[in-house]
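So the sequence lines, in the order shown, correspond to chains E and P. The numbering used here applies: residue -7 is where the first sequence begins, and numbers increase by one. The numbering used here applies: residue -11 is where the second sequence begins, and numbers increase by one.
Honestly, the hints are just simulated from the structure, not real lab data. Zero decoy hints are in this set.
Here are the computed lysine-lysine pairs in the DSSO-like style, where the Cα-Cα straight-line distance is at most 27 Å:
1. K47/E / K12/E
2. K30/P / K58/E
3. K67/P / K33/E
4. K34/E / K6/E
5. K98/P / K34/E
6. K30/P / K56/E
7. K34/E / K33/P
8. K58/E / K12/E
9. K33/E / K(-10)/P
10. K34/E / K58/E
11. K58/E / K6/E
12. K33/E / K33/P
13. K67/P / K34/E
14. K33/E / K12/E
15. K6/E / K30/P
16. K30/P / K34/E
17. K34/E / K(-10)/P
18. K33/E / K56/E
19. K30/P / K33/E
20. K6/E / K56/E
21. K(-10)/P / K30/P
22. K33/P / K(-10)/P
23. K33/P / K12/E
24. K98/P / K33/E
Beyond 10 Å from chain E on every Cβ pair, some chain P residues (computed):
25. R(-11)
26. T6
27. V7
28. S41
29. R54
30. K98
A quick note: this is a predicted structure, and the numbers were derived from the prediction, not measured. Idealized CB from N, CA, C, for every residue including glycine.
The chain contents come next:
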Amino acid sequence: GAVVSQHPSRVICKSGTSVKIECRSLDFQATTMFWYRQFPKKSLMLMATSNEGSKATYEQGVEKDKFLINHASLTLSTLTVTSAHPEDSSFYICSAQSGTSGSGFASYNEQFFGPGTRLTVL
Amino acid sequence: RKEVEQDPGPFNVPEGATVAFNCTYSNSASQSFFWYRQDCRKEPKLLMSVYSSGNEDGRFTAQLNRASQYISLLIRDSKLSDSATYLCVVNTPTGGFKTIFGAGTRLFVKA
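Bound-form chain E, shown alone (with noise of 0.2 Å):
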C-alpha cells in the first residue's frame, strides 16, 4: 500500500508554545488529506481535511485559527497548532487519499494513515 509519513513521531512543547506537524505521502499524490486526533482510548475525530491548494474544511467544534492547515503540495500537508495548551495533548494522525473529497469518487478510495505524532504540551 502507498506510504505516509509524519514528522515529528512525538514532541514535548511547553504552553503557549506553536508545533508544526507534517504530514507527507511519499509515494503518490495526495489530493486530499485529513487530519485526526485521538485521545485515549477513544475514537479518531476528524479534525479537518484539507485540499491541496485550497484552504481546509474544518470540523464543528475545531477552532481554524488554532490548528492552522497547509496543504501547499500534492505531497505535503502541515498541521499548526499555535499557542497549544496541556489539553491540546493528544495523538494526532493525518491520513492521505487519492481523488477529491466531495466528488463521490474518493468516497471508495482507502485512507492511507501516517504512523502519528504524539503531543504532550507540559
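Following the hints, complete the assembly by docking chain P onto the known chain E.
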C-alpha cells in the same frame, strides 16, 4: 444516536476461538464501509473493505446488511496477534463524503 456505533468490548477470547463484531450506522445513504485495525499507540491500518456481497480474506469475513444498517466482522481461529482494536469505518455523504470512525472494539486473544 451516534453516526457509527460499536460495542467497545473488550472481548476476551482464547486462541482458536471465533469472535464476531457488529457495527451499526445511522445514515442509510452511506456508501462504503471498511474495517480497520489499530494496535495500541499506532495508526489504523485497513483490514478489509466491506462489500454488499460480503467478502472473506483468510480467517476474516465481513458482511454488510443495508436493510438493518449494520456491518459485521467475523474472525475465525483467533491468534494472539489478532489482539487489537477494530474500527468500523463508514463513508457517508454529509457535506461531501465524510469518513466516520466508530470508537472501536477491543479484542484480547489469550493463550
